[in-house]
Amino acid sequence: MSIWARIAGWAALIFGLLYFFVPLAGLTEFSLKAERGVYGFKAYRDVLGDPQFQATFGFSVIMALVTIVIGVLIVVPTAFWVRLKMPWARPYVEFITLMPLVIPAIVIVFGYIRLYNTSSWLPLTGSIMGTNLLLAMGYTVLALPYMYRAVDTGLRTIDVATLTEAAQSLGAGWVTILGRVILPNVIPAVLSGAFLTFAIVIGEFTLAALLDRPAFGPYLQRIGANKAYAPFALSVIAFGITWACMGLIQLVTRFSRHTKAAQ
Amino acid sequence: MSFLNITHLEKSFGANRVVKDFSLAVEKGEFISLLGPSGCGKTTVLRMVAGFEQPSSGDITIGGTSVVGKRPNQRNIGMVFQAYALFPNLTVAGNVGFGLRIKGTPKAEIDARVAEMLALIGLPDLGARYPFQLSGGQQQRVALARALAPKPEVLLLDEPLSALDAKVRVSLRNEIRAIQRELGITTIFVTHDQEEALSISDRIVVMNGGIADQVGTPFEIYNRPATRFAANFVGQLNVFRADAAGQIGGVQVGQGDFAARPEALRLGRIEGAEIVMPATVAEVHFLGSVIRLTAEVAGNRVSLDTFNRADMPPPAIGAPIELSLALRDLIPLAG
Numbered sequence: 001m002s003i004w005a006r007i008a009g010w011a012a013l014i015f016g017l018l019y020f021f022v023p024l025a026g027l028t029e030f031s032l033k034a035e036r037g038v039y040g041f042k043a044y045r046d047v048l049g050d051p052q053f054q055a056t057f058g059f060s061v062i063m064a065l066v067t068i069v070i071g072v073l074i075v076v077p078t079a080f081w082v083r084l085k086m087p088w089a090r091p092y093v094e095f096i097t098l099m100p101l102v103i104p105a106i107v108i109v110f111g112y113i114r115l116y117n118t119s120s121w122l123p124l125t126g127s128i129m130g131t132n133l134l135l136a137m138g139y140t141v142l143a144l145p146y147m148y149r150a151v152d153t154g155l156r157t158i159d160v161a162t163l164t165e166a167a168q169s170l171g172a173g174w175v176t177i178l179g180r181v182i183l184p185n186v187i188p189a190v191l192s193g194a195f196l197t198f199a200i201v202i203g204e205f206t207l208a209a210l211l212d213r214p215a216f217g218p219y220l221q222r223i224g225a226n227k228a229y230a231p232f233a234l235s236v237i238a239f240g241i242t243w244a245c246m247g248l249i250q251l252v253t254r255f256s257r258h259t260k261a262a263q
Numbered sequence: 001m002s003f004l005n006i007t008h009l010e011k012s013f014g015a016n017r018v019v020k021d022f023s024l025a026v027e028k029g030e031f032i033s034l035l036g037p038s039g040c041g042k043t044t045v046l047r048m049v050a051g052f053e054q055p056s057s058g059d060i061t062i063g064g065t066s067v068v069g070k071r072p073n074q075r076n077i078g079m080v081f082q083a084y085a086l087f088p089n090l091t092v093a094g095n096v097g098f099g100l101r102i103k104g105t106p107k108a109e110i111d112a113r114v115a116e117m118l119a120l121i122g123l124p125d126l127g128a129r130y131p132f133q134l135s136g137g138q139q140q141r142v143a144l145a146r147a148l149a150p151k152p153e154v155l156l157l158d159e160p161l162s163a164l165d166a167k168v169r170v171s172l173r174n175e176i177r178a179i180q181r182e183l184g185i186t187t188i189f190v191t192h193d194q195e196e197a198l199s200i201s202d203r204i205v206v207m208n209g210g211i212a213d214q215v216g217t218p219f220e221i222y223n224r225p226a227t228r229f230a231a232n233f234v235g236q237l238n239v240f241r242a243d244a245a246g247q248i249g250g251v252q253v254g255q256g257d258f259a260a261r262p263e264a265l266r267l268g269r270i271e272g273a274e275i276v277m278p279a280t281v282a283e284v285h286f287l288g289s290v291i292r293l294t295a296e297v298a299g300n301r302v303s304l305d306t307f308n309r310a311d312m313p314p315p316a317i318g319a320p321i322e323l324s325l326a327l328r329d330l331i332p333l334a335g
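Chains as they are written, first to last, in my numbering: chain A, 1 to 263; chain B, 1 to 335.
The hints are simulated quantities; they were obtained by calculation from the structure and are not laboratory data.
Take the hints with a grain of salt, since some may be wrong.
Facing chain B, from chain A, some residues (calculated, C-beta under 10 Å) [to be verified]:
no., residue
1, THR28
2, GLU29
3, ILE158
4, ALA166
5, GLY171
6, ALA172
7, LEU178
8, ARG180
9, VAL181
10, ASN185
Just so it is clear, CB atoms sit at the ideal spot from N, CA and C, and this is done for glycine as well.
Please work from the sequences and hints to get the whole structure.
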């Protein structure tokens with residue numbers, strides 16, 4: 001490689017890093033200037049001490065966990081069955097799981113409200129529990145592309161058909177096979193999908209706002225419209241959560257005990 | 001009545017009939033090998049016995065009870081796969097005890113049985129290891145122990161040695177046979193390797209095109225092949241065509257094609273051998289204890305094996321020789 005090509009490569013890398021980190025640095029720097037003339041964590045203290053922050057963040061965390069559970073219960077058996085018995089259906093299932101990337105969340109939520117309003121055959125929006133369930137379902141749909149791909153990639157690393165047959169020959173039924181053989185062997189992949197789901201749910205605005213649920217996304221928007229420094233502190237916190245999730249994905253993948261699983 | 005009976009078994013995938021009218025009776029404790037080339041239907045038969053495939057027609061009974069329609073986890077069979085199929089998330093002990101945990105066996109019993117099985121396969125100290133920490137041969141031993149731990153009625157082995165290197169294959173096949181004899185478990189072994197099948201089986205089923213071409217002991221299959229396919233597939237073969245007068249080497253044998261194994265042809269004039277043919281040495285392969293010669297006989301190339309003797313060097317290429325063959329060693333080729 002010539003010296004100029006090497007310099008151009010480094011220049012492109014440095015430009016990319018600056019493009020990404022300079023706004024972040026500016027954001028962080030501004031969030032530390034809540035007190036006149038000195039750097040400090042006042043904005044963070046204000047945000048973290050706000051009861052609304054704690055309530056909305058707690059709500060979103062619970063919704064994220066519920067979404068992850070629903071996602072795992074739907075995606076793992078589906079991806080397993082498609083891989084084992086219906087490989088011909090894989091392109092169709094992949095297409096369906098990609099739909100949430102194409103259809104905006106606002107379309108989904110209006111569809112929900114139209115289908116499940118108080119005068120419909122299943123009036124989920126008529127109660128808090130029902131609306132929360134609807135929200136979790138919506139989050140599950142939004143996270144589907146990430147969860148399905150993560151699990152499918154995990155299944156690709158093991159010999160699903162032979163492991164299933166081996167378990168069957170030892171007397172295992174479908175639930176045992178899924179719970180004791182397949183799921184434990186795709187745990188790193190499931191956790192990757194779970195962390196991505198968590199990051200999506202924590203920052204999601206459209207579904208929560210239009211279903212009028214006290215989630216973290218709408219709180220972030222409300223604070224942004226009314227306060228000066230707190231929204232920037234919140235943005236840094238949100239970035240931190242997302243990066244922590246990404247870091248955990250890396251960690252789980254790297255320290256997975258059986259990444260060299262026998263094929 | 002035999003312990004395992006397969007009667008008029010048929011299997012089609014769409015228009016493709018992969019198993020055709022296959023019948024076999026296996027005695028309790030017998031070691032049977034299904035031998036044949038790729039695509040002959042041997043694995044499909046095994047998978048139907050295991051319950052992974054349902055027959056298009058026919059019946060399979062184990063201990064007098066039909067298992068057709070039963071799910072694999074209801075059949076009490078043990079199976080060892082070519083790809084080992086150990087559960088990567090479980091330790092060796094966890095793998096071996098898996099079937100017993102499914103059955104709800106008490107933990108103390110599981111521990112005792114796992115220890116017994118690990119001792120049986122010669123890996124008593126490796127219970128805490130994970131599959132990826134074992135060699136291929138060790139993994140397949142663990143797979144065997146896992147299949148045997150729940151005390152299955154029938155053991156099915158689907159080319160379990162194919163993924164191993166030559167040295168490990170030989171030692172492991174002998175171990176499998178020894179363990180099978182010790183436990184007296186009825187076993188069906190699928191292989192495309194004739195040497196494997198000949199060396200460890202009580203009986204061999206030579207399969208071709210979805211049918212059982214011949215069923216017999218290794219001795220019968222090798223020395224008295226019933227069909228041209230069985231003769232060609234098992235062992236090396238020299239084919240002689242009788243002339244218009246029904247003679248080979250001037251000796252009356254009847255019409256058609258006949259075969260002789262390389263070890264049946266003898267170098268020089270041998271007493272008691274009715275057929276003597278002039279030949280020319282074409283190739284000489286020194287294999288240590290055995291020397292394999294290729295010779296031209298009336299425009300036909302034949303192979304013969306002769307034991308190495310330090311006081312008798314092999315003939316040179318192009319040297320004229322005589323080959324002797326006893327009539328009793330001629331195998332008429334049918335089919």
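Here's how the hints hold up against the structure:
{"no.": "1", "hint": "THR28", "result": "41 Å, violated"}
{"no.": "2", "hint": "GLU29", "result": "46 Å, violated"}
{"no.": "3", "hint": "ILE158", "result": "7 Å, holds"}
{"no.": "4", "hint": "ALA166", "result": "4 Å, holds"}
{"no.": "5", "hint": "GLY171", "result": "4 Å, holds"}
{"no.": "6", "hint": "ALA172", "result": "5 Å, holds"}
{"no.": "7", "hint": "LEU178", "result": "13 Å, violated"}
{"no.": "8", "hint": "ARG180", "result": "8 Å, holds"}
{"no.": "9", "hint": "VAL181", "result": "6 Å, holds"}
{"no.": "10", "hint": "ASN185", "result": "5 Å, holds"}
Checked against the numbered hints above, the structure violates hints 1, 2 and 7; every other hint is satisfied.
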